[in-house]
Amino acid sequence: MREPRWLPWARWIVLGSLSLFTLLPLYVMATTSIKPLGDVQGDFHWIPTTISLQPFADIWRTVPLAHYFANSLIVASIAAVASVTIAIFAAYAISRYRFPGRKVFSVTVLSTQMFPGILFLLPLFMIFVNLGNTIGVELYGSRTGLIITYLTFSLPFSIWMLVGYFDSIPTALDEAAQVDGSGPVGALLRVVIPAAMPGIVAVTIYAFMTAWAEVLFASVMTDESTRTLAVGLQGYSTQNDVYWNQLMAASLVVSVPVVAGFLLLQRYLVQGLTAGAVK
Amino acid sequence: MVASTTPRPGARRGSGSPEGGPPRSGGRGPGRVAALIPVRLRRLGLPYLLILPAIVLELLIHVVPMLVGMWMSFLKLTQFFVRNWSAAPSAGLANYEIAVDFDSAVGSSLLRSFVVTVAFTVLAVGLCWLLGTAAAVLMQGSFRGRGVLRTLFLTPYALPAYAGVITWSFMFQRDSGLVNHILVEQSGLLDERPFWLIGGNSFVALLVTYVWRVWPFAFLVLMAGVQNISDDLYEASAIDGAGWWRQLRSITLPMLRPVNQVVVLVLFLWTFNDFNTPYVLFGKSAPEEADLISIHIYQSSFVTWNFGSGSAMSVLLLLFLLLVTAVYLVATSRRRTRA
Chain A
1 MREPRWLPWA
11 RWIVLGSLSL
21 FTLLPLYVMA
31 TTSIKPLGDV
41 QGDFHWIPTT
51 ISLQPFADIW
61 RTVPLAHYFA
71 NSLIVASIAA
81 VASVTIAIFA
91 AYAISRYRFP
101 GRKVFSVTVL
111 STQMFPGILF
121 LLPLFMIFVN
131 LGNTIGVELY
141 GSRTGLIITY
151 LTFSLPFSIW
161 MLVGYFDSIP
171 TALDEAAQVD
181 GSGPVGALLR
191 VVIPAAMPGI
201 VAVTIYAFMT
211 AWAEVLFASV
221 MTDESTRTLA
231 VGLQGYSTQN
241 DVYWNQLMAA
251 SLVVSVPVVA
261 GFLLLQRYLV
271 QGLTAGAVK
Chain B
1 MVASTTPRPG
11 ARRGSGSPEG
21 GPPRSGGRGP
31 GRVAALIPVR
41 LRRLGLPYLL
51 ILPAIVLELL
61 IHVVPMLVGM
71 WMSFLKLTQF
81 FVRNWSAAPS
91 AGLANYEIAV
101 DFDSAVGSSL
111 LRSFVVTVAF
121 TVLAVGLCWL
131 LGTAAAVLMQ
141 GSFRGRGVLR
151 TLFLTPYALP
161 AYAGVITWSF
171 MFQRDSGLVN
181 HILVEQSGLL
191 DERPFWLIGG
201 NSFVALLVTY
211 VWRVWPFAFL
221 VLMAGVQNIS
231 DDLYEASAID
241 GAGWWRQLRS
251 ITLPMLRPVN
261 QVVVLVLFLW
271 TFNDFNTPYV
281 LFGKSAPEEA
291 DLISIHIYQS
301 SFVTWNFGSG
311 SAMSVLLLLF
321 LLLVTAVYLV
331 ATSRRRTRA
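Chains A and B supply the protein sequences, listed in that same order. Going by this note's numbering, the first residue of the first sequence is number 1, and it counts up by one from there. Going by this note's numbering, the first residue of the second sequence is number 1, and it counts up by one from there.
Be a bit skeptical, because a hint or two may be false.
Claimed, not checked - Once the Cα atoms are required to be at most 20 Å apart in a straight line, the calculated SDA-like pairs of lysine to any residue come out as:
(1) A:LYS103 <-> B:LEU44
(2) A:LYS103 <-> B:PHE74
(3) A:LYS103 <-> B:ALA326
(4) B:LYS76 <-> B:VAL315
(5) B:LYS284 <-> B:VAL204
(6) B:LYS284 <-> A:GLY117
(7) B:LYS76 <-> B:LEU59
(8) B:LYS76 <-> B:LEU44
(9) A:LYS103 <-> B:LEU52
(10) B:LYS284 <-> A:SER237
(11) B:LYS76 <-> B:LEU316
(12) A:LYS103 <-> B:TYR48
(13) B:LYS284 <-> A:ASP241
(14) B:LYS76 <-> B:LEU52
(15) B:LYS284 <-> A:VAL242
(16) B:LYS284 <-> A:LEU216
(17) A:LYS103 <-> B:LYS76
(18) A:LYS103 <-> B:LEU59
(19) A:LYS103 <-> B:SER333
Please keep in mind that the hints were generated in silico from the structure rather than gathered at the bench.
Please put together the full structure from these sequences, using the hints given.
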């Protein structure tokens, strides 16, 4: 492409400003997490007066962070694996079969993704509470309730992305497997899944991130023993004071698993996230 | 629970044939049982069996609650009936009448929240789209540092929403925040330290935080869209003497139209329903000026424990979103076919 002479300047001004905008909170998060408490109570300092790793030790004592961490880990892992497992079967059906109701199913599933969460919150809350009261299945406040809810949140997008991946695998491959005597499900397990592995890993990370970051349902559907990080971090602000250095240290710690996963698998995730939208 | 049991037959079939075994033995065991069912019927039933777990879960967590929500909106579901809703008396249309009676306290605050949400959505979607497009277009082609920039831009999107938003809420603190430090101490643009998280400024704080978090999504999808445009088009137009602006207006933007159609719709729905940003930024009580509709319904439901009224507001919200989506899809598709 022929570029006018001002374009490199425009590029660096625009992209530079966007980088600053993006970096500023990341810088604040990182530097505040190594400040002593005195530094975060008065006027803002760009550079910590003393570097202290104390906040990273304190965060585990101020609130039961390890407990919330474990809750988030359990809920997000199980929800992600279950969601992707279910999505693999559904995506295989949509990608490989033409059956009546296929279109209706795809559109319905995808459109539920777009409905406001608040629409499901009140009825689900009522259903969970009343199930506990009438038949003794305690979903309200339990990890199981949260897992089931979260796995349906990532399900539509997982199916959508996996259909894109499966479509890109030649059907000749699973036909060959079927000639060898595997049934359709055998072909899925032995040929399609291994071939789509990068996509499946990317979708699993996406589902994990969705559950890890969810706030609305976590704030209503959990109690003290099942609280996840999304709600638990509020514990650093007390009536009188907010431990900003600890809050930033804790934010950093809880972000590391998902950001690392995202950046490592960035290429696959970007492919998957965009495949559907571009088509 | 249903979810964990249904996919098992398939998984068992797979584990029944270890990799070392002859490839043919895998399908034989279940095949013999299934042979009793005609092959055509099996072929027909299999896709439905495969999507069954997904359907069951969608029904349980999305469709049934939605229907229950609609039913709840016609009930007098106050705090006395939360644990025993079968005893809740019918309210008829009363919940809706209160919600749209703009002279009442409930109705007028809902209307105000709706107006705030519309203004917020228009500005936020516009800004996210603009920043995303600018970055995607300027990052077309290859230059040094492109990969690093892309990773940097995507980081806010990868960060859990609460971690990023909490950081912004620290930056917006009146006395210890970075924003006032720059505006008052360092640049002297302002004499007084303004409040950012209460009063009129809270709308700006919410907008900045939200755009920071969500514009990378627009960038991500638009960047992929830009990469999918064939180089031939640019080369051919360059031979015809088209400059950079001309190419942007006549090739890049028109070719992005299908992507834009999806991106703007998804951004609109996400933004209009956003709960996380105001909830984490302001805590449980959002200031009036930044009282987005989701958090408004949440607060009015869980503060008053009037779930009937909250459900009616949710249903109204759903109807509005469906209407806008339908109009949008019809309008953008018609323009596309005409073009």
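Taking the hints in turn, this is what the structure says about them:
no.: 1; hint: A:LYS103 <-> B:LEU44; result: 16 Å, holds
no.: 2; hint: A:LYS103 <-> B:PHE74; result: 33 Å, violated
no.: 3; hint: A:LYS103 <-> B:ALA326; result: 18 Å, holds
no.: 4; hint: B:LYS76 <-> B:VAL315; result: 15 Å, holds
no.: 5; hint: B:LYS284 <-> B:VAL204; result: 18 Å, holds
no.: 6; hint: B:LYS284 <-> A:GLY117; result: 17 Å, holds
no.: 7; hint: B:LYS76 <-> B:LEU59; result: 25 Å, violated
no.: 8; hint: B:LYS76 <-> B:LEU44; result: 46 Å, violated
no.: 9; hint: A:LYS103 <-> B:LEU52; result: 15 Å, holds
no.: 10; hint: B:LYS284 <-> A:SER237; result: 13 Å, holds
no.: 11; hint: B:LYS76 <-> B:LEU316; result: 17 Å, holds
no.: 12; hint: A:LYS103 <-> B:TYR48; result: 13 Å, holds
no.: 13; hint: B:LYS284 <-> A:ASP241; result: 17 Å, holds
no.: 14; hint: B:LYS76 <-> B:LEU52; result: 36 Å, violated
no.: 15; hint: B:LYS284 <-> A:VAL242; result: 16 Å, holds
no.: 16; hint: B:LYS284 <-> A:LEU216; result: 11 Å, holds
no.: 17; hint: A:LYS103 <-> B:LYS76; result: 38 Å, violated
no.: 18; hint: A:LYS103 <-> B:LEU59; result: 17 Å, holds
no.: 19; hint: A:LYS103 <-> B:SER333; result: 19 Å, holds
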